[in-house]
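Asker: Here the structure of chain A is known, so what remains is to put chain B with the ligands in place on it, guided by the hints.
Chain residues, written in single-letter form:
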Amino acid sequence: MNIDLDKMLAKVRSSQWALVDIDWEAPGAELITPEQWPKLKAFMSDLMWIEHVGARGFAAMAKKAPNETLKQLYIYFHAEEQRHANTEMALMRRWGMLDGEEIPEPNINLRLVIQWLDQYSDDMPLEVLGSVIPMLEIALDGALCKFLLDTVNDPVCHQAFARINDDESRHLGVGFHVLEMQGHGKLYQMALKAVATTLNPKLMLGILAYLPLLNRMRDNIVTMGLKEESLYSAMQKYERIGGRTAAGRRNPWFQIISRHGRLVVNRKHFYHRPVDALVRLTDHYPRRLLRPVPTWVKQLTYKTTA
Amino acid sequence: MSQNTVVKKLAARRSGAVKSNAAPADVLIVGAGFAGLGTAIRLLAAGVDNIVILERGDEVGGTWRDNSYPGAACDIPSNLYSFSFAQNPQWSRGYSGSGEILGYIHHLVDHYGLRRLIRFGHTVTDLAFDAGQGLWSASIAGGKPVSARSAVMAQGPLSNASFPDIAGIERFKGHKIHSARWDHGYDFSGKRVAVIGTGASAVQIIPELVKQASQLKVFQRTPAWVLPRMDYTAPDWSKAVFSRVPTTQSLVRGAMFWAHESMALGMIWNTPMTALLQRISSGFLRRQVKDAWMRRQLTPDFRIGCKRVLMSSDYYRALQRDNCELITWPIATLSENGIRTSEGLEHRVDCIVFATGFDVSRSGTPFPVTGLDGRKLNQEWARGAQAYKSVNIAGYPNLFMTFGPNSGPGHNSALVYMESQIDYIVRGIRTILQQDLKMLDVRADAQLGYNKGIQKRLSRTNWNSGCKSWYLTEDGFNATMYPGFATQFRRQMKTFSSRDYLAL
Ligand SMILES: Cc1cc2nc3c(=O)[nH]c(=O)nc-3n(C[C@H](O)[C@H](O)[C@H](O)COP(=O)(O)OP(=O)(O)OC[C@H]3O[C@@H](n4cnc5c(N)ncnc54)[C@H](O)[C@@H]3O)c2cc1C
Ligand SMILES: [Fe+2]
Ligand SMILES: [Fe+2]
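Chains as they are written, first to last, in this note's numbering: chain A, 1 to 306; chain B, 1 to 504.
Since the hints were derived computationally from the structure, they do not count as laboratory data. Be aware that a few hints might be false.
27 angstroms max Cα-Cα, derived DSSO-like pairs, lysine-lysine [what the hints assert, rightly or not]: (1) LYS494(B) x LYS452(B); (2) LYS71(A) x LYS7(A); (3) LYS191(B) x LYS298(A); (4) LYS290(B) x LYS64(A).
Excised from the complex, chain A in its bound form (with noise of 0.2 angstroms):
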C-alpha cells in the first residue's frame, strides 16, 4: 500500500471532529434492550480501554517516527484513538452505563499492559508497535465494530462509529504502509535486528501482558455472542493486506504477528494452554505490585466540553 504520507497527513488534518459534533441527547438510547445492557457494558469497557491503549501506543510510535510527516500524523493518530476511547465512554454515559463520574475499571491485563506502556513502550523500537498496532486496528475494525453495529439499533452510536471507521481508515493506511516500509533492506539484517529485539527483556514483559489480555478479550467478545469466525477472517485480513507485497511479506514482524495470529485464533492449538493458564495466574497477581495508575490515564473522559 503505498501512499503520499503528506497528503494523508493534509486529510487527517482536515478531517477532525469533536464529540460536541455528535448530539448525545437524541433519542435512541432505549433501543438497548435489558438482556443487551450487562454484556454491552463489558463490551464497551473493553473496547474503549484497547482504544486508549492504542493511544498510547502511537505516543510511543510518535517519538519513534523516521519523518516528521510520520511523526505528526502519530501525534494526531494518538488524539484520535483518544478520542475514539472518549466517544465510546461518552456512548456509555448515554446508555448509563457509567458510575457517575468514574471511568470504568480496568481488567488486570488491561492494567499490566498499561502498566508496561508506561515504563516501556518508549523504548521500543518502532517495527514492533508499527506491526502489532495494524492487528489490533484491523481485528477492531473488522470484528468488534462491526458487532458492535450489528447489535446495537440505537442511530447515535451509529452516527458516532461512522466517524470512528472513518478515522480508523486513514489508520490502517499508514499502519500497512509502514509495515511494507520496513520491510525494505537486507533480510537478514531484519531478521537478525528482529531476533536481537525479542530478546530484550522490555519486550519479552510486553509480550507477557500482551498474550493474556488478547486471550482474554477473546473470551470476553465470545460470551457476548460474538461469531469466533469474525475474529479469524479479521486476522486473516491482516495477513492478506500486510502480505499482499514482497516488502509487506519480508518485514518479520510482520511475519511473527500473522503466524501468531493464527495461533490465537486456532482454539485447539497447544499455545492456548499455557496463555489461558497466564490468565487465571493474572486473576491472582497482587494489587499492591502495581504501580499507580499513570496520569496520562486520568486524561479520559465523556465530557464534551471542558
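Answerer: Quick look at chain B with the ligands alone, frame taken from chain A:
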C-alpha cells in the same frame, strides 16, 4: 583625509534645508529600535549627522515598545543586553523587565539627541535605488518619498506580529490578544484563559497570568529545552560602584560575555558540552516536575540548541498550579467558544493569548527592495536569503542592514552582534561619504565565497540537525543564524576589505 576635513566636506554638501523631503539625506534608517538608534548614535559620533530615521510607530523602542506583556523581560543579563558604549549602572535587576529596557532606550534617545532625526508615523513600503543619481528612495505609506545616499534597513528581525494561521480563528467570539500587542485594558481576574504557544514569550507570560486568571490552559505543540534563569535584584551598593567606577561594570560585562560565549560550545555544535547542558536541563525538569507523564510531555525530542533555549525558573512551577493545565493534544480548530483539540474536547475560554511568535522573512523581504537594473531582492532571496557578512548584498549598492542573513546569535546578546554590524555599517557609510562615491557595491564573487563558507559551517551545527524551527526555511535552508562564536563574528566585522567592493 582626517575626520575634521570629512566633517567640513559633509557640511558643505549638506548646505540648505536638511529636513526638507526634497534634499536627499546622507543616510536613511528604517526603524527606531535598538539597531536603528544605535546606528544613528555611532554615525553621529563619526561626524555624520544628516540622518533621517523612518519609524512606522509613534514611539521609539521597537521590540521593547511592542512587547509589554506581563513578565516581559530580557533573557540575557541586562549588563550584556545593552550597548557597551552606553552602559547603564542603574539596572534594577539581573534580567530587567520590558519597561526598564524601554526606559534605557528613551534615555539613549534623549542623551544623544536623536529625536530630531526621527520621523514617526512613516511606514516604509518600498526601497529603490536610482543608479544615475546614486540615491536610495524610500516610499512612505500615505506620504512623500524620502531619499538618501545610503540606506540602513533596521526594521527588526522580530517586529511583525500577526495571528497565526489556525483553522477557525475568525470564528472565535471571545477576546484575542497577541503577546506583542498586549491589551492592558483587559482584566484577567476570574477569566478562563488559553495561551497558545510555549516559546520564549509564553514562558514569561504564563507564570504571571496563572496568578490572575481563574483557569489557565496552555496549548503546547513542541516543548523546548528550559534552563533556570538566575535573576536577582541589584543591590544599591553595586549600582553605586558601577556608576562611580564604570570599569567595574565593564569587567562584569566582560565576564558575562565570556560565560555566554562558552555556552556556544554546547549550543551551536554537538560536543560533550551539549550532552552536559541537556543533562542540566533534564535534571532541572526532574526536580521541578513530579509527574512522569508531564515530564514526558515537557521533554524535547531534539538536540539542545537546535531551537532557542528558554530561560525560566518559574515556568514549570506555574504549569503545575491547580488552576493551570498543560494540553499537548493538537489543536483541531478554534470555535465560537474556544479551542477544539483532536482528542475531541472543546475547551471553553473567555480569552486566547497568542504567544505564537513573529512573521520572520527568511526567504523574502518585509517590503520590496529594488537594486541595480531593476533587480528585486525578494526574487533573489526566494530560495533563502544571502548577503555579504550579513550587511551588504551585491547589486544593491549603498544599502546596509542589521540582522541580515546569518547574523543571529543563539547563545549571546543580540546587542553584541548588533554593535559589530553597526560599526561595520558606519565604516561603509563613511567610505561613501569620504570618497564621495555614487556607489559602493559588494562584489558578487566575494558574497558567494562568503556564503559557501557560512553554509559549510552551518551544516555542522545543531540548528541544522533535524528539528523544525523558525531559523530554517521550509526547505531547511538556514538564513538566520551565524555559525560561530560572537568573538568570531566580531572579528569578521572588524575588517572592511575594500577589495571585496566595487566603488564608483
Ligand atoms: C519578546 C522578545 C524578547 C527578546 N529578548 C531578547 C534578549 O533577551 N536578548 C537578546 O539578545 N535578544 C532578545 N530579543 C531579540 C530582539 O529582537 C533584539 O534584541 C533587538 O531588540 C532587535 O532590535 P532591532 O532594532 O533590530 O529591531 P526592533 O526592536 O524590532 O525595531 C525595529 C523597528 O522598526 C520599525 N519598523 C519595522 N518595519 C518598518 C517599516 N516598514 N517602516 C518603518 N518602520 C518599520 C518597527 O516599528 C520597530 O520600531 C527579544 C525579542 C523579543 C521579541
Ligand atoms: Fe480507534
Ligand atoms: Fe486506530
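Asker: Take the hints in turn and mark each one as holding or not.
Answerer: Here is how each hint holds up against the structure:
Between LYS494(B) and LYS452(B) the alpha-carbon distance is near 20 angstroms, which keeps this suggested pair within the 27 angstroms criterion. Taken as a hint, the LYS71(A) and LYS7(A) pair is honoured in the structure, with Cα atoms around 14 angstroms apart against an allowance of 27 angstroms. For a cut-off of 27 angstroms, the pair hint linking LYS191(B) to LYS298(A) stands: about 25 angstroms separates their Cα positions. For the hint pairing LYS290(B) with LYS64(A), the CA-to-CA distance comes to about 25 angstroms; that is within 27 angstroms, so the pair holds.
In this structure, every one of the numbered hints holds.
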